[in-house]
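Each chain, letter by letter, is given below.
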Amino acid sequence: MSAIAEPFLEVNGLHVRYSELVALREVSLTVAEGEVVCIIGPNGAGKSTLLAAIAGGVAPSRGMIRFRGQNIVDTSPEKIARLGLSLVPEGRHIFGSLTVEENLLIGASRRGDRREAAKDLTRVYDYFAPLRERRANPASRLSGGEQQMLAIARALMTRAPMILVDEPSLGLAPKIIDQIYRILLDLRVQEKLTLLINEQSSHRIVKQADRIYVLRAGEIRLHGAASELGDGRAIKEAYFGFHDEQAAAS
Amino acid sequence: MNRAIQVLIRHRSPIILAACVTLLVTIGVLSGFRHLQLSLTEMLLRMTIVVGLYVFIGNSGILSFGHIGFVCIGAYAAGWATADPDWKQLMLTGLPSFLQDEQYPFLAAQAGAALLPAVVALPLGAAIMRLRGIAASIATFAFLIIIQSFYSNWDSVTAGASSLARLPTIVDPWIGLVFAVGAIAVAYLFQISRWGLMLRASRDDDVAAKASGVRTVRERLIAFVLSAAIVGAGGGLYAEFLGSMTVDEFYLEMTFVTLAMLVVGGIGSLSGAVVGVVVVTFVVEFLRTLEHGISVGTTTFALPSGSQEIGLGVVMALILILRPSGLTGGREFLEWHGDSAASQLALADRAVRAVEVGVTQIEQHKSEPEKDVSVPT
Amino acid sequence: MSEFLQNVIDALSLGSIYALVALGIGLLFGILRLINFAQGDFITIGCYALIVPSTDVTARMLIGAWSWPVLIPSICLIVVVIALLTDVLVFRPLRRAYSPTLMIASFAVSYIIQNGVLMIYGSRPKAVNLWSELNTQILIGGLRLPLLQIVTIAVTLVLMSVLTLFLKRTLIGIQMRASAEDFRMAQYLGVRGNVVIGLAFAISGMLAAVVSLLYLTQSGSLSHVMGVPLALYAFVAVVIGGMGSLVGSVAGGFLVGIIVTFLQAYLPPDLRGFRDAFAFAVVILVLLLRPAGLIQTKSAIERV
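Protein chains in written order, with this note's numbering: chain E, 1 to 250; chain L, 1001 to 1377; chain W, 2001 to 2304.
Read the hints as simulated data drawn from the structure, not as lab findings. Computed from a predicted model, the values in this text were never measured in an experiment. By construction, the Cβ of each residue, glycine as well, lies at the ideal position given by its N, Cα and C atoms. Keep in mind that a hint or two might mislead.
Here are the simulated EDC-like cross-link-like pairs (lysine to aspartate or glutamate), alpha carbons at most 20 Å apart as the crow flies [stated by the list, open to error]:
1) W:K2168 x E:E101
2) E:K236 x E:D210
3) E:K192 x E:D126
4) W:K2168 x W:D2056
5) W:K2168 x E:D113
6) E:K192 x E:E116
So these bits of chain L aren't anywhere near chain W, every CB distance computed over 10 Å [to be verified]:
7) L1024
8) L1038
9) V1119
10) V1120
11) V1217
12) E1249
One chain only, chain E, in its complex shape (with noise of 0.2 Å):
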């Protein structure tokens, strides 16, 4: 056994086109167990393609993802949701013609078990009441915060060791935002979870995150621990390109 422990998810040098376009290039970054790191970068920047890419639902044309140890690249989705990686996907996709319950029993088909899953259901509804009041509704009546809910509950359901969160703020009120961190946050010290999550924005996520990388135009532009990092200049600079010139003189 080595002192320094083998990373979680290994991503090394990925490339991914769709048809003559080059949306990732040479992308590589690490995930330790247990860490929540954080992917920044504009729109457009190929944040989701790199989550779908590691999910299993974007096939790279070249480079290496390991998950545990396992190269998981041309493996499909669901082989790599049993093995332990979930996504959230930007927009929810919460099946709308099930019910909040039936989402959450799709999130234990990883086992076929009933009666674990219904212990499992019993303990994300502690985490979520606002699920449980609505179990039986259809999920396409649910509000904006608490699809997103579901949808990171669901995640949880599948007991994945690591769960890819893409942009889980998009289209929600500051306030229910900042609910959904918090709940994210406490699952990952509560049920030891790994997280990466790509944000747009990076002032909320940037506290809390251990590590965070800066993703432009396919491209890593930055990476580094949180703490020295900030909300800095460097921050800045990566992300939107181009350096401010007002911000150096001052």
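Fit chains L and W to the given chain E structure using the hints.
Leaving out everything else, chains L and W in the frame of chain E:
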């Protein structure tokens, strides 16, 4: 002289196609086998139809199951024009007198065979070209059934379930060749025209196509009407080839065979349409010979009857699975130098599409991240 | 018994058949975005499996002679196996293909099956006598009702209830519904795509088998293209009812059954032949005006 050669080289792919087909036909005709000549003629008629089919499907990326309906319309138009008037007056009592009492020359009949389907295609296309891929395909399928139902039941005009007969059988391999080559020329000219190029640019890309809106619908409509005219002409040829026909000839079986030819050859290119017809014809002929049986010594080996059709179906399925872009891979003949009009076309449309597709696919993948290519590039 | 009541029962019975076929098509479209042209041919196989394979004009019963508790599962098994084979051989390799490719592929499968049947059994329609005891009338509450029709409707209702329970109460059923709505998302949550799809094919196959038996009892004759009109009308039903909605497919099926029966009964005779033309003209209209069908689900709207 130099200039002429330059032009020839720029447009080499359709010229080569036409030359090869002509060569094939010449050899076949000179060989003197009657059966071969019939097969060749039918191949050329099918080629006209499949090329017409390609003009729409290949350029727009929308699958049409209904074009054989246009073939039917064209065939019957030619039939009405050229069948023996005595017979028409007896059997087709519902025909207007300018058709019933007259017998028109071949070319006039062909003009009608091309025109009538085009006239029908215009309003139909105007309605359904707005629809997205699957919906449009289903609508074309519905059109096929409607035409079938219409023509089978309109007894007074089409002789319904019985044959429209007493047609002059004047289509021979040469006439077929002229029309097939003509179809290739028309298809090529369309594909390098402004509308053809723009249509191909929006081909695989419903979302971007929707964004372009009206323009795409118009381009699709042009392709639709043009393709209807070409396949209609093919239908007219069929009428004068068979001498008598029923509505059943132009229904699901022909739809499948022509589609199979296009798929096997390669949906995305004109060469694909031509190659597909030739290859499938050979395969089917080969199987047919096997069905008749080959004698080795005193025993005869024969495939059970029906092997042709199953063979064709299997070939079609294999191509879809193993090489969905068809034998030609969606490329035109001799496209290794970038200077032919065909390959410049391919480059241009790939570039335009890449930008549009790239942007929209990043959006799209969030709900449908599949990315295999089947209606090929 | 009044003619109107007879027509109503005919309509419901025909509608039941169309609903079952439409359900098979709708299920596969929902999960796989596949328009299964071969669904009608599954029915054809179910029927032909009853007789001894031969090209004779007169058909001799093989499985058809067995008692019904053995006959029914046997036919179901045969058709389900064929359906699963088409998935494994043709559609699984095409998992990531676009819809047009799937459409053409299913067309090819249909073509192969039809010609296969043609090859084995010959081209001439054969007369077959299956459960002719059902072609009588029974007395219910003072009314004489056709037994076969009643059985058809009853079987359909039972089958649909069972299917509904399956889809709502079992874990795998819920997974199927989720996959039908958002296949990719279901995968991200660990749902095994191939299992769900295989199950969908199996269910479609079973539905086709049931239809084959009901239909054959009624029509009494076999032909290699017998499944085509059923599939065509079921197709109309799916489009009208709403592609991607199972309830829509069923509703569409009944609607088509009603429309066809009443057109047949009340259209002037010289227009009756144009029934197909009317039906498919309606399809085009629906596609133009309300492409996701009468009962719209969000995924259908995106898909069509």
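Status of the hints after comparison with the structure:
1. Restraint check for W:K2168 and E:E101: satisfied, since their Cα atoms lie roughly 12 Å apart, inside the 20 Å limit.
2. Of the pairs offered as hints, the one joining E:K236 and E:D210 holds, with about 18 Å between alpha carbons and a cut-off of 20 Å not exceeded.
3. Distance restraint check for E:K192 and E:D126: the Cα-Cα separation of roughly 16 Å lies within the 20 Å cut-off, and the hinted pair is therefore satisfied.
4. Of the supplied pair hints, the one linking W:K2168 and W:D2056 is violated, its CA atoms being roughly 47 Å apart against a limit of 20 Å.
5. For the given pair, W:K2168 sits about 17 Å from E:D113 by alpha-carbon distance, which is consistent with the 20 Å threshold.
6. The suggested pairing of E:K192 with E:E116 holds, with an alpha-carbon distance near 19 Å, which does not exceed 20 Å.
7. In this structure L:L1024 is separated from chain W by more than 10 Å, as the shortest Cβ-Cβ distance comes to about 27 Å.
8. With a minimum CB-CB distance of about 22 Å to chain W, L:L1038 clears the 10 Å threshold, and the non-interface call stands.
9. Listed as outside the interface, L:V1119 is consistent with that label: its C-beta sits roughly 18 Å from the nearest C-beta of chain W, beyond the 10 Å cut-off.
10. Non-interface call for L:V1120 relative to chain W: holds, since the shortest CB-CB distance, roughly 13 Å, exceeds 10 Å.
11. The Cβ of L:V1217 sits about 13 Å from the closest Cβ of chain W, beyond the 10 Å cut-off, so the non-interface label holds.
12. No Cβ of chain W approaches the Cβ of L:E1249 within 10 Å, the least distance being about 15 Å, so the stated non-interface status holds.
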